[in-house]
Structure formats: structure tokens, C-alpha cells
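Top to bottom, those sequences are chains A and B. Just so we're aligned, residue 1 is where the first sequence starts under our numbering, counting upward by one. Just so we're aligned, residue 1 is where the second sequence starts under our numbering, counting upward by one.
There could be a bad hint or two in this list.
Stated by the list, open to error - If the Cβ cut is set under 7 Å, some of the chain A residues that face chain B in the computed set are:
(1) Met16
(2) Ile19
(3) Ser22
(4) Lys44
(5) Asn58
(6) Ala87
(7) Ala89
(8) Lys90
(9) Ala98
(10) Tyr105
(11) Val107
(12) Pro109
(13) Thr114
To be verified - DSS-like, lysine-lysine: derived pairs with alpha carbons at most 25 Å apart:
(14) A:Lys3 - B:Lys132
(15) B:Lys152 - A:Lys25
(16) A:Lys121 - B:Lys132
(17) B:Lys152 - A:Lys90
Said to hold, decoys possible - Stretches of chain B that chain A covers, calculated by requiring three or more beta carbons in the stretch to come under 8 Å of a beta carbon on chain A:
(18) 96-107
(19) 132-144
(20) 199-206
(21) 216-224
Derived from the structure by calculation, the hints contain no laboratory data. All C-beta atoms in this analysis are idealised placements derived from N, C-alpha and C, irrespective of residue type, glycine included.
Spelled out, the chains give:
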Amino acid sequence: MDKGMSILVVDDFPTMRRIVRSLLKELGFTNVEEAEDGQEALGKLKGGDFEFVVSDWNMPNLDGLEMLKQIRADDAMKALPVLMVTAEAKKENIVAAAQAGANGYIVKPFTAATLEEKLNKIFEKLGK
Amino acid sequence: MSGEARQVAAHEGAHGDDLVVRIGQLTRMLRDSMRELGLDKEVEKAAEAIPDARARLNYVASMTEQAADRALNAVDRAQPLQTEIETRAESLDKQWQTWFENPMELDQARQLVNDTRGYLAAVPEMARDTSKELLEIMMAQDFQDLTGQVIKKMMAVILEVENQLLQVLLESVPDGEERDAMKRRMESAGSATRQEAGLVNGPQINAEGEDIVSNQDQVDSLLDELGF
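All chains should be built: construct the whole structure from the sequences, respecting the hints.
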């Protein structure tokens, strides 16, 4: 896995963006950008060369699930791996995210070890 | 009826009984008209929101307490490590200084070299342990996101309760300045959009519901079951 890959962290709470960014840094990923909702994220994704997305679900303007659906519907972005990190903990949430094409699902509150494990699993599956 | 009121009522005789009957009629009328206007439902809805709001506040209180405990415990574990790094370095430095000022036998120097090497070997582990505690302090801050989501929901609930109570008041206030002011307040409260329930619920304040997963293992096994 290329630790220099560019990652977009999407969450409406600045504290959570900071935590995820710091955890990624701890794991060796330093090329991280942030967006505060799905709409801003889509703009950044279309304009940039992102290789990975870590996204919250419950956000204003455009939520994480809707953003995921739009990513999967866009030919240029549909292969982009997306890891959901969210407090939404109903079974129907997890099913909906999986069906929409999420590559992983982490429920908050989560640990650094969980994030690392899911990242590894996703890249393993993608063969990177 | 209080003793005094009963006395007055007795004194006034038939007139007092009339009054009681009249109040009873008024009360019934008020209740009937509230029901006709659907206001009793509004009040009921407002009252129903309260237990949920209490549960949410409890969740916020316990999450913030947990976070504070986590951070303080990590500090308690990290501080002795830092103290040890500091005091051992100071002690070795002092011994070396003494030795350089007055170089003595090789044996003494050899012991000092060994102690110094032992210290150097121990520092990375203590530093790593300290970093681990710093990470723990950082992770403890995740409460802000979780309680923030719950507080935002609470604000929506409070707005809703305010709206319902204003609605009830509005119906019982005669036309005039006061009524107009209330109407304006309601309109501004109503213009704030409410989030639709459904897939966006925020943190589960009670993780014991049937369709709720309470930890990452349950998420993973659900995804496995589904073949993802």
C-alpha cells in the first residue's frame, strides 16, 4: 500500500476530522485533505486526484450515503474506495452502505487499531 | 377545596355551589375546545419529547464524563514515564560531569558507561509508551462528535416543543399585539428545518434495541453474513 496516496476525510465535525487525520498520520499516511460535507467532498474529488475516501454519514447538505451513491454513479470515480466511519449503528444502515458500495464500515466510537485493520483489509481486497 | 374555601363556600351557601359548578363547566369547556382544536395532541406530543430529551442529556453527560476520565487516566500513566526519563538523564549527566571534572578509575567509568547505555536503550520504549498515551488522549476527544450530534438533535426537539406550546398559547390568546408577536416567533421557529428520521439517527443513546449494533464486531459479522 502506497503511504503517499492522497486521502480525503469527510466529516462535518472538525474534531473528528482532526482525529481521523492524526490517526492516518500515525499509520504513515500524510497526504490527507478534508471536506466538511458530501457536497464539498464531491467538488474536491472531481477536481483532485484522490485515491481513498474516509467519510462520515450524517452531514448537512449532502450526507455520506448520498455522496457514496454519486461516487459510484460517476464513471470517473466509481472505483474509488470509500470507508464509512459513522455513528449510525442500525442494521439497516450497514446494509444500505454495503449495498451502495461502501468498501468498509466503522462504527463510532472506534479505535486506532480498528481503522488500521479496515484500511489493510480494503487494500488487501483491492490488491494494492 | 381547602378548609377556608369550604368555609367561605358554606357561608355563601347556594352562591358558592354555583361558583364550583361554573368552574367545573369552564374546565370541561376548555378541555373540549382543546380537543376540538387538536391542541391536546400538541401538548401530548410536547410532553412525549421530554423523556427522550432526558435520555439524550444523560448520554451526553456520561460520554463527557468517560472522555474526561480517559484523558486524565492517560495523563496519570504518562507522567511517571516522563519523570523517569527526566530524572535518570539528569542523574547520569551529573555523574558524567563529576567524572570529567575528576577522571578516576576505569571501573567507575565502565559502570557509568553501562548505566548510560542501559538508559539509552530504555528511552525509546518509554517514549513509545508516552506516545501511546497521547494517542489515547486524542481518541478520547471523539466524544465531541458524538455528543455534538446528540445535542443538535436535542435542539431540534426543543424547537419542536416550543412550537407546540406556542401553538397552544396562540389559540388561547385574543387578537392583538401579543398574539402577533407569538405568531412571528412561531414562524421563525418553524422555518428551521427538521431532519427526517430514517437512516440518519446519529449515535445510539441506547444500544440495546433489536436492530442496533453496539460494537464493531457486530458490524463486521453482519457484513460477513451479507457476503460483503
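Going down the list of hints, with the structure as the test:
no., hint, verdict
1, Met16, "holds (4 Å)"
2, Ile19, "holds (6 Å)"
3, Ser22, "holds (6 Å)"
4, Lys44, "violated (21 Å)"
5, Asn58, "holds (5 Å)"
6, Ala87, "holds (4 Å)"
7, Ala89, "holds (5 Å)"
8, Lys90, "holds (5 Å)"
9, Ala98, "holds (4 Å)"
10, Tyr105, "holds (5 Å)"
11, Val107, "holds (5 Å)"
12, Pro109, "holds (5 Å)"
13, Thr114, "holds (5 Å)"
14, A:Lys3 - B:Lys132, "holds (21 Å)"
15, B:Lys152 - A:Lys25, "violated (30 Å)"
16, A:Lys121 - B:Lys132, "holds (23 Å)"
17, B:Lys152 - A:Lys90, "holds (19 Å)"
18, 96-107, "violated (count 0)"
19, 132-144, "holds (count 7)"
20, 199-206, "holds (count 6)"
21, 216-224, "holds (count 4)"
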